[in-house]
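Order-wise, the sequence lines are chains L and U. Following the numbering used here, the numbering of the first sequence begins with 1 at its first residue and continues without gaps. Following the numbering used here, the numbering of the second sequence begins with 385 at its first residue and continues without gaps.
Keep in mind that the hints were calculated from the coordinates and are not lab data. Think of the CB as a built atom: it goes at the ideal place given N, C-alpha and C, for glycine as much as any other residue. Relax, there's no trap hidden among the hints.
The calculated label-pair distances, taken between Cβ atoms and stated as ranges, are:
| no. | chain 1 | residue 1 | chain 2 | residue 2 | range |
| --- | --- | --- | --- | --- | --- |
| 1 | U | Val398 | L | Leu54 | 19 to 27 Å |
| 2 | U | Leu428 | L | Arg306 | 37 to 45 Å |
| 3 | L | Lys184 | U | Glu461 | 33 to 41 Å |
| 4 | L | Pro178 | U | Ile496 | 37 to 45 Å |
| 5 | L | Arg306 | U | Lys489 | 29 to 37 Å |
| 6 | U | Glu491 | L | Gly99 | 47 to 55 Å |
| 7 | U | Asp493 | L | Arg301 | 23 to 31 Å |
| 8 | L | Asp316 | U | Glu461 | 43 to 51 Å |
| 9 | L | Asp117 | U | Lys489 | 22 to 30 Å |
These stretches of chain U come out as covered by chain L in the derived footprint (C-beta under 8 Å, 3 or more residues):
| no. | segment |
| --- | --- |
| 10 | 417–430 |
| 11 | 446–459 |
| 12 | 481–487 |
| 13 | 499–510 |
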Amino acid sequence: MREAWVIGAASNRFGKMPETGREAATRVALEAIRQSGLEPKDIGYTFVSNCFGLTEKQGHVGPLINGGLGIPEVPSCTIESACSSSSAALHEAFVHVAGGFTDAALVVGVEKLSHLDTLTATSYFAEAADYAFETKNGATFPGLYATLANAYQKAYPMAPEVLGSVAIKNHANAARNPHAQFQKEISMDTYLRSPMIASPLRLYDCCPFSDGAAAVVVAAKEFVRHPVTEPLVIRASARSGSITEMQDRPDLLGLPATRTAAEKAFRQAGMEPKEIDFLEVHDCFTIAELFALEDLGFLPRGTAGRAEVEGVTARDGKLPVNPSGGLKAKGHPVSATGASQVVEIFEQFNGLAKGREVPRTETALAHNVGATGGSCSVHIFSRR
Amino acid sequence: MSATDPLPSAPHTVQEFVHGYEEEHRLRGFRCPNCGLTTATWALACPHCGKADLEEATLSDRGAVVAFTVLSVPGDEFLNDAPYAYVVVELDGGGRITGWMPSVKSESDLTIGTRVRFSPSYKPGVQFVKDEGDAPAR
Chain L
1 MREAWVIGAA SNRFGKMPET GREAATRVAL EAIRQSGLEP KDIGYTFVSN
51 CFGLTEKQGH VGPLINGGLG IPEVPSCTIE SACSSSSAAL HEAFVHVAGG
101 FTDAALVVGV EKLSHLDTLT ATSYFAEAAD YAFETKNGAT FPGLYATLAN
151 AYQKAYPMAP EVLGSVAIKN HANAARNPHA QFQKEISMDT YLRSPMIASP
201 LRLYDCCPFS DGAAAVVVAA KEFVRHPVTE PLVIRASARS GSITEMQDRP
251 DLLGLPATRT AAEKAFRQAG MEPKEIDFLE VHDCFTIAEL FALEDLGFLP
301 RGTAGRAEVE GVTARDGKLP VNPSGGLKAK GHPVSATGAS QVVEIFEQFN
351 GLAKGREVPR TETALAHNVG ATGGSCSVHI FSRR
Chain U
385 MSATDPLPSA PHTVQEFVHG YEEEHRLRGF RCPNCGLTTA TWALACPHCG
435 KADLEEATLS DRGAVVAFTV LSVPGDEFLN DAPYAYVVVE LDGGGRITGW
485 MPSVKSESDL TIGTRVRFSP SYKPGVQFVK DEGDAPAR
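Same shape as in the complex, but just chain U:
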């Protein structure tokens, strides 16, 4: 961000991201036209190149697990859901997002690279299920 840039008008708020997951059932994000970064995290300027020119984007609801853990001791909003997996997902078409998978009950239920699909429910946050469909054409 340089002093001469106009102050960016925030295309949306953190709450709108959350609303996107839980009510609109879509993964909101930003793309940076300057460096090409896609991010699922709210920001005013690109965390990679610093340019305050982020464009709104709807990210793919499918991707592959990059890293995960299975929690036996849950967060306090997930008390009745443990064990569950917390996952970092590389979305098709770019961008990474973290979420949780209630169906994964043990470490052997999941591997890095497993295909997953965003599957919103009445529960909070970004919820994924295993994607049994075809992998996208590359």
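Chain L on its own, in the form it takes in the complex:
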């Protein structure tokens, strides 16, 4: 297996895009390629994620992006894994590059939802659950995570302020991230006064609907030779799955796919959680950040809430979590999220995360979940 590097990573500002998904994807892709020091013609394969492209009446977007980059002959395919789509695409790029099939691969994630009304967008999100056995019984996407939160709260009682502290921390980070949808801090009072969506989750526990695009260039170490950026060495690229339906999960106190993906990733990297400097984790809802910290093996079960309240996960804390603002405040354009986590790690490694720097940037981990954990990706990066 060859060593694979991330040598370029770019994102637009999440929120509401005036242009179409295809235009935004092509733009961030060109930006990431230019930053990497490569030319579009160096790309051997393009992996695209665009779960809800059909809402723009556009499928098969890969060839359109490659055409727009001037490389129409380059093969492409679309990778779908719900909210973990572009980390799944990154995994495919890693497999191609590390396996020697391609010297350089492009990963592009893009989503546009702002042309849909909230109800329609909510329905699309719920499609990643099991329609017959969950959605048809009244579940929504927030409702499913709220149900898990309820089970967790029963096992480990916590005040509303615990989840509130996750939201406040992630908003504070997003306020310093030019890619973020919500570039403003919130107070505990604002959090507590926000309306209940699905108990115990309030509006400020939930990630927003977002448009956005992010792209990553992966290349073989031997192909790059003289990198113009500080590359992220991909030390592990692991994926896992679990039964989707909540009714078939004996344990509701976390996401089993995170646990198995993390075990694989740490084994692949030959590393332990204590060697990781900072994390980008999948906080589609505040409770999901607690699950991530425990399921990834950073904190014992039932203790992540206390760590959040005590500031352990703050940007200047012992274990900075989501310095980008996370899905919660940076935004969650479904298919762009996994790639955008890598953009944040790339910017931190390259001194581009101005005003939101974390203290140590030798290693980092990205954790991306599909829906309620039917899919999960864990990537571990280090410096050369």
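Here the structure of chain L is known, so what remains is to put chain U in place on it, guided by the hints.
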């Protein structure tokens, strides 16, 4: 599932599960004779042990709430029903199923452990009400 196993004949379809809830007023499921798992989800092979030998079962219509949420913002087929509870129920005799409870309007109306009963109506999905009857003998 191994290569030498005959392909399982699906005892029923996803649509038949839904038909079971809504028309026959029963909770259909599977039991795995190999590992003993009871599931209310359609499958060809057991999600626990992988053996493709699932037997049809009618699950109990009574059980206890394992986890729940009260939704203020509903799913699009439940627009006029919010708030309502979405529940995970551990059924007596085995198997878990998710459903919804239109009578639960606030978080304080329900606790984990509350006894519930499957109560089909003209509404879609698996609908539960609080079970005011006696708990089953254990």
